[in-house]
Structure formats: C-alpha cells, structure tokens
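Hey, can you work out the whole structure from these sequences and the hints?
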Amino acid sequence: MFTVIETPTFQRLAADVWSDDERLEFVSFIAANIEAGDVIPGAGGLRKVRWTRAGMGKRGGARVICFNRNERGDLVLLMVYVKAKFDNIPAATLLKLKEALDA
15 MFTVIETPTF QRLAADVWSD DERLEFVSFI AANIEAGDVI PGAGGLRKVR WTRAGMGKRG
75 GARVICFNRN ERGDLVLLMV YVKAKFDNIP AATLLKLKEA LDA
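Each residue of the sequence shown is one higher than the last, beginning at 15 in our numbering.
Don't read these hints as lab results, they were simulated from the structure.
Don't take every hint at face value.
Computed Cβ-Cβ distance ranges for the label pairs, DEER-style [stated by the list, open to error]:
(1) D35 - G56: 29 to 39 Å
(2) E20 - G59: 17 to 27 Å
(3) L38 - V96: 10 to 20 Å
(4) E113 - N84: 27 to 37 Å
Distance condition first, Cα-Cα at most 25 Å in a straight line; then the derived DMTMM-like pairs of lysine to aspartate or glutamate [said to hold, decoys possible]:
(5) K112 - D30
(6) K97 - E85
(7) K110 - D30
C-beta atoms are modelled at their ideal positions from N, C-alpha and C, and glycine is treated no differently.
Below is the structure:
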C-alpha cells in the first residue's frame, strides 16, 4: 500500500467538500487503488478520480486531482472539488500544480 500525502491545499478544500470520515474513506480507498481515476491528458501524469458523495446526486460528486509517485512509494492528493462548481480544470493549470510539487 502506498503512503498518501495530503497537500495543504487538498486539506483546505477537502474540509469544504467532505466530513472527516468521508475524507478518511477516500484516503483509504486511494491508498489501496493507486491507479484509480483517469490520467488527465497534457497534465504530466496527474489523475482525476471521481468520487460520489452520499445524497448529492450526479452533479454533487467530488473530483480529486492526484499524482502517483511510484519511485517514492507515495500518492499525493493535490486538490478536491465538487463537479457542480467545476467540470474540468485546464490541463495547463494542473501541470503548474505538478511542477510546484516536483520543485
């Protein structure tokens, strides 16, 4: 199982999206399923994981942007958002997030 790293940005955004129990449920899932989600084209290997939220319907689902660092054995959670607020974040913006992580 990989180590999951929650960035400060992810933690701040997650507090607006999930309860602590819901966040921990997602972290447990992603630690055991590091290849979950779709690779975002043009974003340097970042993935978007779709995660349903109880009682929120299709548009209320959460999206998590993460990056799997196989060589280090960790998975970094960069951000989380609600589909109703953003559908897609531009790949160039996400690539900047990844570059900041790699710096």
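Do the hints match the structure? See the list:
For the pair D35 and G56, the beta carbons lie near 35 Å from each other, so the given range of 29 to 39 Å is met. Distance hint check for E20 and G59: the Cβ-Cβ separation is about 19 Å, which falls inside the suggested range of 17 to 27 Å. Under the hint 10 to 20 Å, the C-beta atoms of L38 and V96, about 18 Å apart, fit the expected range. Take E113 and N84: their Cβ atoms lie about 18 Å apart, and the range 27 to 37 Å is violated.
Between K112 and D30 the CA atoms are separated by roughly 22 Å; this keeps the pair inside 25 Å, and the hint holds. Proximity of K97 to E85 is assessed by CA-CA distance (about 31 Å); at most 25 Å being required, the pair is judged violated. Distance check on the hinted pair: K110 and D30 sit about 23 Å apart at the alpha-carbon level, within 25 Å; holds.
In this structure, the earlier hints numbered 4, 6 are contradicted, and the remaining ones agree with it.
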